[in-house]
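Undergrad: Chain by chain, the residues:
Protein chains: 2
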Amino acid sequence: MHPAIGYIHLKRKVFVEELKAFLRIPSVSTKPENKADIRKAAEWLTAHMKKIGLEHTAILPTGGHPVVYADWLHAPGKPTVLIYGHYDVQPAEPLELWATGPFDPTVRGGKLFARGAVDDKGQVFMHLKALEAHLKTQGSLPVNVKLLIEGEEEIGSPNLARLVKDKLALFKGDVVVISDTAMIAKGAPGITVGLRGLVYFQIDMDGAKSDLHSGGFGGGVENPAFAMAQFLAQLKDRNGRITIPGFYDDVRRLPAEERRALARLPFSEKRFLREVGAPLLHGEKGFTTLERLWARPTLEVNGIYSGFIGEGAKTVLPCHAMAKVSMRLAPDQDPNRIARLFVRHVKAIAPKTVRTRVTEVSGRGTPWLASTDEPSLQALARAIRKGFGKPPVYTRTGGTIPVVATLTKLLKTPCLLMGIGLPDENAHAPNESLDLDNFHRGTLAAAHLFLELAKENRKKA
Amino acid sequence: MHPAIGYIHLKRKVFVEELKAFLRIPSVSTKPENKADIRKAAEWLTAHMKKIGLEHTAILPTGGHPVVYADWLHAPGKPTVLIYGHYDVQPAEPLELWATGPFDPTVRGGKLFARGAVDDKGQVFMHLKALEAHLKTQGSLPVNVKLLIEGEEEIGSPNLARLVKDKLALFKGDVVVISDTAMIAKGAPGITVGLRGLVYFQIDMDGAKSDLHSGGFGGGVENPAFAMAQFLAQLKDRNGRITIPGFYDDVRRLPAEERRALARLPFSEKRFLREVGAPLLHGEKGFTTLERLWARPTLEVNGIYSGFIGEGAKTVLPCHAMAKVSMRLAPDQDPNRIARLFVRHVKAIAPKTVRTRVTEVSGRGTPWLASTDEPSLQALARAIRKGFGKPPVYTRTGGTIPVVATLTKLLKTPCLLMGIGLPDENAHAPNESLDLDNFHRGTLAAAHLFLELAKENRKKA
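Residue numbers (the numbering used here), protein chains in the order written: chain A, 1 to 461; chain B, 1 to 461.
Calculated from the structure, these hints are not laboratory results. Each hint should be verified, as a subset may be incorrect.
No copy labels: a pair is met if it fits in one copy or bridges any two.
Using 16 Å as the maximum straight-line C-alpha spacing, the simulated EDC-like pairs for lysine to aspartate or glutamate come out as follows [claimed, not checked]:
(1) K347 with D206
(2) K35 with E311
(3) K35 with D332
(4) K455 with D174
(5) K209 with E96
(6) K409 with D174
(7) K20 with E257
(8) K50 with D424
(9) K209 with E275
(10) K13 with D437
Quick caveat: nothing in here was measured; it's all calculated off a predicted structure.
Given these sequences and hints, build the entire structure.
TA: Have a look at this one:
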């Protein structure tokens, strides 16, 4: 057994306690009132990186929340691995649905519950602990390592591309490793080879200049809440297909072979349905659930508000309605083109009885597909086999990691997605959790990955 | 000049200051946290009634908020007038849209701004001041008077009918007078001869058992926010007609003569549009705006909520959506039948991909049409001519005063609707106001009404 591996087994419990301290910081990136917490999380992270032996730790300013950087570059002739992650988290609301506080990390039944446990603080920490294991037992790493841990992933990484462009030499490496995804099921460690893209808008509709009495005015002027409902209802047809003209033009068709491979994966529609707790599975007709989740675009209403939403009754005819609408994009849809098509469509179908505004409220994410003949992907496969005791399955995810497209494009390097989340861990929802067994095995796999990448590069060179 | 009339002219400014004290009490009936304020308003009212010379003042308990009662019954052989009003008010939210505090009554440009100024504290106060004028100058009233001022009008008067049934003898009279309506335009005092009815529901739709990540799960299960939008959109067709089967069965057709009379009223669609500030007028095709507002039923979404509605973006697939939906009913629709049809329709069209609940959240209101050959209506017409200096116009209102149907049915008496509100006074909306000139003239008209009703009864007897 490699000494780094022994170290990880020995420190298993200590690592969880350390992670709790990181999770206690409510680093919610979308809320202005958490700005100081974001700073605190960045400072905690740099202090911890220094402690485990990383060098050149820095909090790099951006137009928004800062990026945390560190490196260790004393392996001449070996590849340089850039590890990307994020220390910001989603808002925790609705708070009343959490069994224990979102920022009071608690272990129950082998799971660690906290906002950010799996998305993404726990997965960032897994890499830090793997690096610590090598540094503390060997005094060195098998490869050169750079870390780029950002604070704006949950708001679409609006400032990251510019920073990377500005400091290209600082971030340049041979391969990027990102752990911000989930495996398909417990016991089925995977490598994510595809991601969906994202565009996200807010629609506002204004009717009368102020709220009106629904008795005195009902039937006289448009009700923006009803106009919004009619507008939203038009965005998908009865088959669940999005009605925006041109929307599907660039969607890559799933080859029959890949559809067969998806069907063989350890994914049970029945179990998925039980886990989410909905009455029925639902979505675009003609596709299996996995195909819809991974390889088909979707349009979701993420939020809607108008009028009186308190207890009881208020006979108001609201003067304003708001909806948040986002689209997940499949390869090879271009988020810039889809954003244009969406705005044009809103203008085309919004009723003239209200004043309609469209605002983009998040950065755009480009869909991504990995190149399967990449040697570093094989190194990751071996590392997972060693860490988890079984070979990985190749999966996609319906989520968006805009940075994957950004970094592969800017740094011109392959990207490895090594995710240890589970589908029922409630990323972005109340009671987010991290399976501690996966956290441990993931840390082992990460330690192996550095060893395997060192070999891979030798072969290649 | 009758001394009571002189007294009202003399006390004009004092009356406004007194009304302000009443308006300072935030007697919001729909909110549990205002329960003590409701009590305070009832106590303020009884104390004031005692002060002006009314008798048997009492706070009558009901299952909910109490009814305030008072009378003066020393005019043997004269008719007994039951004055109905309400001391409860609508919620003031959204507070940030008020120019001055909703419970900090402020005069600007001849208008008194406060929640309840016109709906209905100001109009209740008009009658109190007319009674005071007679009592303080004559030591008596021209007629017998009873007052029934309730605290649950804004939540649909759920306990009033039972109280009136239980104490029928206490409330029995020859005519009911209600001032809780608006005139069609300043300078056009009116008598309201028609009201719409009301049914009000809350719809809840549940999808997954908790909010989900819209990336990982979008396309896999139903989005309740989208399902709700689709559901609501189906409730009206492209012509603005409500699609509930059987909904229009009992709607009384407007006779050609009444349509012509409506067209002659001093109502400008252009001015109405400017006042409400909407981009266009809108509603059921084939009817003028006044016809739609007064004589046609309508369905309104009073509120809608789902998912993330804060600033920025949250990539959530919500697990729940809620909408408040109410219908205004035209003569002769029966609210009980419409409620049954609505619930049946919801169950018929709600998608099976969500769990749907329907809850009735307000009392039902029956639509009402006055009998125009009623002598007391002519007495009111003369009183208005004297108080306002011009003859009244006959109008309807789109609002609902469920108590009109309740009281006329239980007490078997005619009902006079003498409203002094204006269409732009924002009842139920921020910056509610009361025109102080109308308040003064209305008080004069109310004082005349008691004199005219005394005459009318003599003629009739």
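Undergrad: Are the hints correct? Go through all of them and say.
TA: So, going through the hints one by one against the coordinates:
no.	hint	in the structure
1	K347 with D206	within (14 Å within a copy, 31 Å between copies)
2	K35 with E311	between (33 Å within a copy, 15 Å between copies)
3	K35 with D332	neither (36 Å within a copy, 59 Å between copies)
4	K455 with D174	within (14 Å within a copy, 101 Å between copies)
5	K209 with E96	between (35 Å within a copy, 14 Å between copies)
6	K409 with D174	within (13 Å within a copy, 85 Å between copies)
7	K20 with E257	neither (43 Å within a copy, 78 Å between copies)
8	K50 with D424	neither (34 Å within a copy, 66 Å between copies)
9	K209 with E275	between (45 Å within a copy, 8 Å between copies)
10	K13 with D437	within (11 Å within a copy, 78 Å between copies)
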